[in-house]
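So you can see what is in the structure, the chains are spelled out below.
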Amino acid sequence: MAAPAVVRALRALPHIRPVLGGSRCLHSTPPCLKARAARVRVGKGDKPVTYEQAHGPHHIAHRKGWLSLHTGNLCSEPGAAQRAVEDAFVRRFLRGTFPGALLAPLVLRRRGRALLVSALLGRALPPAQLLFLQGYAEALLSALYRSPVRIELLTVPAPPVYKHL
Amino acid sequence: MAARRVGAGSWQRVLSLSRRCSVPGGGRGCYRCSSSSTALGKTADNAEVAQEEIVLPRRKTWDKLAVLQTLASTVKRDPTAAHYMFPDDPYLMPKNAANFRLFALSKESGKNAAKFIINQFPEYFDKISVEPDVTCFMPEILTPQIEGVSEEALKERIHLRRVKESVDLFDQLVQAGTPVPLETTNRLLDLLCFYGESTQEKEEQAKKEEAKEDLEEPGVNASEQKAPKRQFRRGLQSSGPRWRENNNAERIFKVMPERNAHSYCTMIRGMVKHGAFVKAYDMYIDLLNERHKADVHTFNALISAVPHLKDRFLERWELAKDFLNHMAQQEVQPNLLTFNAVLKTLRRCGGVGRSMSLLVIKEMEALDIEPSLATYEHLLFMFYRGVELHPSGIISEVLDDVEKRSFTPQDPDDANFFNTAMQACCDLKDIKLAYRLNKAMENGDNWKFLSMDRLNIYWSKFFSLLCMMEQIDVVLKWYKEMSCSLFYPSPRNILELLQALDAANHLERIPSVWEDIKQMGFHRRPELLDELLSLMSREQHPDEIQQAFAKCAEDIKAVHEQSGREQAPLKWTGSTVGCIALLFARAGRTQDAWNMMERFQQINRIPTDQVLDGFWNCAKQTNCPDEAIKLVKLAASLGLPASQRLKSRTEKEFELSEKQKKTLESIQSDSDSDSDSDSDHE
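Sequence lines, in order, name chains R and G. Per the working numbering, numbering of the first sequence is gapless, rising by one per residue and ending at 180. Per the working numbering, numbering of the second sequence is gapless, rising by one per residue and ending at 1319.
Just to be clear, a hint being listed does not mean it is correct.
[Stated by the list, open to error] Pairwise CB distance ranges (calculated):
{"hint": "1", "chain 1": "R", "residue 1": "P72", "chain 2": "G", "residue 2": "T698", "range": "48 to 54 Å"}
{"hint": "2", "chain 1": "G", "residue 1": "A750", "chain 2": "R", "residue 2": "R124", "range": "24 to 30 Å"}
{"hint": "3", "chain 1": "R", "residue 1": "P46", "chain 2": "G", "residue 2": "R714", "range": "56 to 62 Å"}
{"hint": "4", "chain 1": "R", "residue 1": "P175", "chain 2": "G", "residue 2": "A1205", "range": "33 to 39 Å"}
{"hint": "5", "chain 1": "R", "residue 1": "R128", "chain 2": "G", "residue 2": "R696", "range": "26 to 32 Å"}
{"hint": "6", "chain 1": "R", "residue 1": "H179", "chain 2": "G", "residue 2": "H720", "range": "38 to 44 Å"}
[Stated by the list, open to error] Each computed SDA-like pair below joins lysine to any residue, with the alpha-carbon atoms no more than 20 Å apart:
{"hint": "7", "chain 1": "G", "residue 1": "K764", "chain 2": "R", "residue 2": "R98"}
{"hint": "8", "chain 1": "G", "residue 1": "K1299", "chain 2": "G", "residue 2": "N1260"}
{"hint": "9", "chain 1": "G", "residue 1": "K748", "chain 2": "R", "residue 2": "H73"}
Just so you know, these hints were derived from the structure itself, not from any lab. Values in this document were obtained by computation on a predicted structure and should not be read as measured data. Every residue gets a Cβ at the ideal spot worked out from N, C-alpha and C, and that includes glycine.
Please construct the entire structure, taking both the sequences and the accompanying hints into account.
Written as structure tokens, this is what we have:
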């Protein structure tokens, strides 16, 4: 019988979960363990880590806030999925627009129809270029989403380190 | 709490709907329930009252922006904040005028880059539809949609301001034999005369944003109220392409089967705009021969062309009067721009202009036309900017009027008023007038006339006047409030501030001014550094001030030594080295001082007597005969005539040991032999 062999094999590879009594499919997605999500693993003590990175997702609403604030997830409010897609796009877009200068994940807030993006930047680029990119990104995103998009910039000389892991 | 229009007979409904009832007629506020019930009781009781007319007040309509304007009026200007277009971040805030311009323009150019991409690839930006629609975020259709050779296609291309394509299409239409109606041909002529011969697409797009349909008044109102960056584009446009011989406009004009007054007028205006003044005059004569009537805009253009047609003052005035007479004959009503054009012409007429200008103003008053800021600007220019200043009370009368009103932009020259007026105040050296002018500027909407550049020039002049005329504490108060938020001091302003501090004997403020200089980025300007150092090292000061000065001197030394990537290193000069050395010595930092003294050799300069004496005095104060002897040695090695004097002073005033006396003697013998050889290479 293959069952004990299967069980022994599974014990050796604990990250594969068995489908009990079901079909024998092929897992083609990479494993996404919820115990390892959004956490920075403890290392030797030389890795600088910001406050936001140092706290895991179970600390949201206790020690951390949210990165994306909108009313789509409230009861009987429409548009949660659209907001999520827009957020993902805006994050990628701005990550590419400010190459290497974003020090922290963006905080996106929606007020009515407007989208307010708060970005923490490093001083990698001269200020004229940063303002150029800000004007460009605001105008482009506003046209893309047909609603006012405002980007608020804050620059710091170095990423704010909370502790070293 | 919305104001609801309640009819006379529906008091009961008002009561039942909510606890807080609004009275019909909006802005009256809320009545409490009890009062309306009392009112109801009254009406129920007295039958006579019910028969009386209840006069409902008219509903008050508020501007869309009324709430915002009220809120804005409660907030005063924050003296520590930069312009609202910049983020509130020390790295991204501009610290001097050049940076202000650079940052503002880079932000605008980012927006323009985005607009370019949006208009280039509209297919990516029209997939979302929102309710209600926001047109300003949608891509604009800039490519012509109608194809083929037809009149509609021509009209569309004219509408889209595509000069070359319109002309080509027109030629094709004419060759094909299709008659182009007069109206459309006139519109084509309008387009050509407005743009001259510029075929750059960029410029066409820019003009499109400025003045869409209004070719009559070339974008006057639009230009003032939009972003100040537009001013630069306007400046470029006015010195734009010149009128070529036999260009498209002339060619089309000649082949037109019929022309009406509008065609002639457009041609005249285009020629004047692009500098073909004599042709414009000839065209006007043609217009008169054809018995057409010109319109007021054409006359304005012709009057403004007068200085280019005649040279002598009287002839210019006569020609201008001719045009005005023609206007009266053709029964064309002059407007504000007519009079402004007359004054602009008189500006270039010297003394004749001055005497005639007042008559022009009287005529304006007689016709009940309110003067605009441009009118006053021309007046002030004529009376106060000439070579000789004629004393006159014009400026106070002008200020009287300007203070009372809030102006709207009506003439492109309005923007120059405040700068001309402030210049006049500076020339007259009258601070009270300047304060009045300032108040007038803050009145209502008048501040909008000062764009980015003009604002800085205005405040710069005002600050110069303040430094010249006012007490130092008033100057410092203005400086603290205004600098880096409202205006960015230029290096000249800083020099004047330093001189004012010197005059008021407040030299202890110099270290804080130096901090500001560093922040503004002027720390590599040699004239500022020279002024600073000479002021600091002129006299002896109490100890803590001296220490602060020494710190400044150290900063300046660091500035000289630091060589940036793209900047050439600052050269040491004799005075700089001497002053820094003196400051170090006075603060008691003798080692640093001697390092500086040795630098004299490197830069091939000699210290002045003042420096040597100052050094010597410091040595005396700290009672260090060694220092004095070192100084004498240095002076002798450089071959200075003062070395003798110093040597004798050292001998007399110091108590020297035997060894020191011997050293001093030996120096003397050195100097005797050295002086002959030194004198010929100095």
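Each hint tested on the structure:
| no. | hint | in the structure |
| --- | --- | --- |
| 1 | R:P72 to G:T698: 48 to 54 Å | holds, 53 Å |
| 2 | G:A750 to R:R124: 24 to 30 Å | holds, 26 Å |
| 3 | R:P46 to G:R714: 56 to 62 Å | holds, 59 Å |
| 4 | R:P175 to G:A1205: 33 to 39 Å | holds, 37 Å |
| 5 | R:R128 to G:R696: 26 to 32 Å | holds, 29 Å |
| 6 | R:H179 to G:H720: 38 to 44 Å | holds, 40 Å |
| 7 | G:K764 to R:R98 | holds, 16 Å |
| 8 | G:K1299 to G:N1260 | holds, 19 Å |
| 9 | G:K748 to R:H73 | violated, 40 Å |
Going down the numbered hints, you'll see the structure goes against just number 9.
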